[in-house]
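*Asks:* Sequence:
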Amino acid sequence: MPFSGKPSKGCGPCRKLRTKCDLAVPSCTQCIRKGRVCTGYRDELEIIFRNQTPEVVKKAKRKRDAEQARGVTYDFANTQQPSRKAAVNDEAIWHFFAHWNEKFYASQGENLVGGFDYILPVFEEDVRSIGPVPEIVRAIGLAALGNTKGAPGLLVQARQKQVQVLRHLSHQLQEPDKALSDSSILTCILLSLFESIICEPQSTQAMTYHLKGALTLAQLRGPAQFDSEVGHGIYSRLRGFMLAHCLQTREPLPGFVIAFLDDEGITQRDFEPFFYRLLAQLCQLRAEQKTKGFVDSSMAEEAQQLADILAEWQPSIPDWQPDCRPIGDPTSKYQQDDTYRVVWLAAIWLFKQTSRILALDIVIEWARAQTMLSPGGPAGARLELAISMQRVLGTELADSTEYYMQHFRDTETSTRVIGGYGLLWPLYVLSTSSTSTQDTMIWITQKAEEITEEFGIRQGKTMADFIKMYTNI
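Letter by letter, the sequence shown follows residues 0 to 472 of numbering that gives the first Met the number 0.
Since the hints were made in silico from the structure, they are not lab data. Note that CB positions come from ideal geometry on N, CA and C, so glycine has one too. Be aware that one or more of the hints could be misleading.
Said to hold, decoys possible - When the alpha-carbon atoms are kept at most 20 Å apart in a straight line, the in silico DMTMM-like pairs for lysine to aspartate or glutamate are as follows:
no. : residue 1 : residue 2
1   : Lys351    : Glu395
2   : Lys291    : Glu364
3   : Lys460    : Asp438
4   : Lys33     : Glu453
5   : Lys19     : Asp409
6   : Lys289    : Glu364
7   : Lys291    : Asp307
8   : Lys351    : Asp322
9   : Lys33     : Asp409
10  : Lys211    : Glu263
To be verified - Derived CB-CB ranges, DEER-like:
no. : residue 1 : residue 2 : range
11  : Arg14     : Ala310    : 48 to 58 Å
12  : Glu228    : Gln320    : 42 to 52 Å
13  : Arg35     : Asn88     : 39 to 49 Å
14  : Asp89     : Ser387    : 48 to 58 Å
15  : Glu263    : Pro314    : 17 to 27 Å
Please construct the entire structure, taking both the sequences and the accompanying hints into account.
*Replies:* Given below as structure tokens:
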């Protein structure tokens, strides 16, 4: 039983080509980028020692089984060896936790690097109690795998699994002790994420339906959901989804969400509550603009003040450089937590810039209307200033999107997918900006298609096709 030296843990194609393999699940990043089939990873015991006798193998197996019998734990982020023979349903769970498990960051310093995993505790609890979270996690994983591998059959399986989750959740909502649980609210949120990933014709309407369902449960649950870090994390994820949804659809934020933003007992453990209040104010302004059908002078003034405040606002984060986009450390591209941090910092930067652009859109609409009524009046100078500032912001946002896309493309940790998914938001905002040109729209379609090709995110292709349809590109 001779020792055969230090072997490569990489997959077959990476070993053959002698390229760096990141051991990601279910397929390594190199294989995904090159469009080749990843054959999986070898068992480490088998490649260190050769010609082991059956007795030794049985002994190792008995020991491993005994250790597993002591308790079940999940450590998806650090696991490096998926079984090639594992059922596709299990592979889907691995894929979700490796690629789509977005974490929560609170104001406490201990969560500033790797973030707090609020999904995994609920997943584990529902495994024990046979709740719906493991099944919706599996459905999301199947949908994401179907997009990545170009496998329509997996998308069909994902939808079938999601229908089962809906039935399971419906039964759970009839049980008084479980209706308002972490499990129920998280399932609704993940159902919305599922629709975003599978991206079918009815998905936008379904996504909104599930988000509003989660909001209803959160409202009924009240402040009690903030008694635990897990409940706080789930609500924060829901609030983030709703802010983006309301900014996009110009719908007002629900009143209880605004009330929670003003509750110091809740926000003292939150990340930058002042920033969330600014975003909520912008949501209300855009909703008022949609309801009235025009922008009056008071709305324009409020929007200008909001744009100025957003320009001055800086988060209280170590190493944050004012007025400079956060950059990734190329020497740590293999570190999962470092990538999570860059994704988080990039999201803050991009949301700040896009919010300023959206606020200036309101000012521009008002100023244009005024210049038509009174050419040469003071509104003309306001219009020129707002257009100039929005163009500068648009250029900065496009440059930042290019930078982060390249950074996440080069990153060899599985969290790169979350980063790529987050870049759809700045592309959307640029596509609606008052100062975007035909060249801007062409660039947006190219980047959206690249997001689909590089990160396996179907929504990018849908965005590109929509822009082409309505702009004759």
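*Asks:* Would you list, in rising numerical order, the hints stated earlier that this structure does not obey?
*Replies:* Those not satisfied are hints 7, 10, 12, 13.
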